[in-house]
Every structure is written in C-alpha cells, then in structure tokens.
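Engineer: Starting from the given sequences, assemble the full structure and let the hints guide the process.
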Amino acid sequence: MTQKKPIPTSPTVTKPDIIAGLQALGLRTGDTVMVHSSLSNMGYVVGGADTVIDAFLDVLGPAGTLCMPTLCQKDKERRFETWNIATSPSDVGRITETFRLRPGVIRSDHATHSVAAFGPKAVEITAGHKTAGGRPGPWRDAAFGHGSPWEKFYELNVRYVFFGVTLRVNTMRHFVQSRIVEDCLNALSLEHRVAFSARIQVWYSPGVWPNYDDSKMQERLSALGLIRSVPIGSATVLLLQARDIVDHSRRILEAEPERWFSPDFLTWYREARQG
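Numbered per this note's numbering, the sequence shown spans residues 33 to 307.
Read the hints as simulated data drawn from the structure, not as lab findings.
Quick caveat: nothing in here was measured; it's all calculated off a predicted structure.
Careful, some of the hints might be misleading.
Stated by the list, open to error - DSSO-like, lysine-lysine: derived pairs with alpha carbons at most 27 Å apart:
1) LYS153 with LYS47
2) LYS162 with LYS108
3) LYS106 with LYS162
Claimed, not checked - FRET-style restraints, in silico, Cβ to Cβ:
4) GLU156 with THR114: 21 to 31 Å
5) THR44 with ASP215: 43 to 53 Å
6) VAL201 with ASP82: 17 to 27 Å
Ideal placement from N, C-alpha and C gives every residue a C-beta, glycine not left out.
Structural biologist: Written as structure tokens, this is what we have:
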C-alpha cells in the first residue's frame, strides 16, 4: 500500500501577508527599524529571506532605514583575529545574512556585534563602531560603547521589531547592561573606579556582569503596555521602541536588583553604589 504524503501543517506566508502584518503592527513609511528575526518560525515563506526583506523595504519606503544584527558567534575566542567586515558571515539567521550580502547594505566594523543597515540613515548608524568606546564589557569597550550603532538606536529611538522571535534574542539588553555598569563606575572616585573595573567581566576574562532573565523582562514590558504584537504565519511579531526597552528595563532592574541579578553582581552593584 502506498503511504500518503503528510499534509503540511506550516502556513504559507506571502509578501502581501508580511506587508499587511507589518502595517498592522504600526510600521510606516520613513521609519528607522531594527529587526531580530527567524525565518523558520514563520512557516513556509514564499521566496524565503528575500521576501521578508523586500516586505520591510516596501513598508518603509525610500525614506526609511532597515537595520539588522550581523553578529559573529562562531569560533568565539578568535573572533577579533578572524574578523573581516566584508566576508565574516552573520550567524544570527538566514534573513540577516541575506540582508548583509545585498547591494547597498552597509555593515558596521565590529568583530562580535556588528550591524547592517540600508537606507538614508545607514551611514550614520554604522559609522564609527570600531572606534566607539567608554563602556567596558565582555565584548570589549567598542561593542556597545559611545558612538556604537546600539547607542544610536537608543538616540534615534528606532522601532525595534522581533520577527518570529522573542526578547530572548534582544541584543539591546547588552546596551542596558553596559549602561548600568558605566553609571556605577562613573559615580566612583578614580581610585575606586579602577578597583571596581578590575572586577568586571571582560573579553574572556572572568568577572561580574548584570545578566538578567529576558523572558521575564518581556513579561514586565508587556504588562506596561509597551509591546505591540501581530500574528504573521505561524509566529508572532513584536514591536517596541528602543528607548522603552532601555529606559524601562533599567528602571525595573534598578528598582529590584535582588530579583534580577546574580549574587556576585549584586554584591558588586551594591558596593559600587555605596562608593
């Protein structure tokens, strides 16, 4: 007996479906948008990653700017040695790598947390990443430093989209973490600043860092009414403003640090706040 082929359960998603969903989410012509994404979570997307990218560009129009993370996460310890801005692939999804390779897309120069952008603000957003600094952290000072694309996302208050993913992949949380550490250090005398800086986790050197639960933070931000959502295909697409992510996350973390931070970082944080 011939076995029947299983009926596919994943929905078919077309470019018009994506455009309608993004417009229902609230995206408009001229917006500057940062997108974290998963193609596989959407179902069967006709045309694949290019369809998703084209849908975003159609919604944003020529006055809008589309940004995506192009992070390098493989061969982690050697990333600064092997980094090549033109050839190092993005390891955070097919959509991001397809976008990176498109004509006219500009990539920021950073070995671990680069950003790719297309549109009128692409140069402004991606420029200066290699020379950004001032915020120590596990990915060296430039990753989320002053003048980095991640700081510019905050300054521009970009629209931040999670396309088929949740805030578990929210790279902006590292900007939040870096700002918390920076503000603690800046409030100290020079002598104390040096001592407390030595206890921070830096590139492949152990130390403390304000990690927190992204899923629980998503619940808190949603309860505040800061997250819009629409279904597209088999996934949910989320929208927040960059400043809401940063400012409200910081308020929540700093209001109840004992609920969010590890004991080691909590000790560092309280001692630093006491000066």
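Engineer: A separate judgement is required for each hint: does it hold in the structure or not?
Structural biologist: Okay, the hints, checked on the actual structure:
1. LYS153 with LYS47: Holds, at roughly 25 Å.
2. LYS162 with LYS108: OK: LYS162 and LYS108 at ~18 Å, within 27 Å.
3. LYS106 with LYS162: At roughly 20 Å apart (the allowed maximum being 27 Å), LYS162 and LYS106 satisfy the hint.
4. GLU156 with THR114: 21 to 31 Å: Since the Cβ atoms of GLU156 and THR114 sit about 28 Å apart, the hinted range of 21 to 31 Å holds.
5. THR44 with ASP215: 43 to 53 Å: holds (48 Å)
6. VAL201 with ASP82: 17 to 27 Å: holds (21 Å)
The structure is consistent with each of the numbered hints, conforming to all of them.
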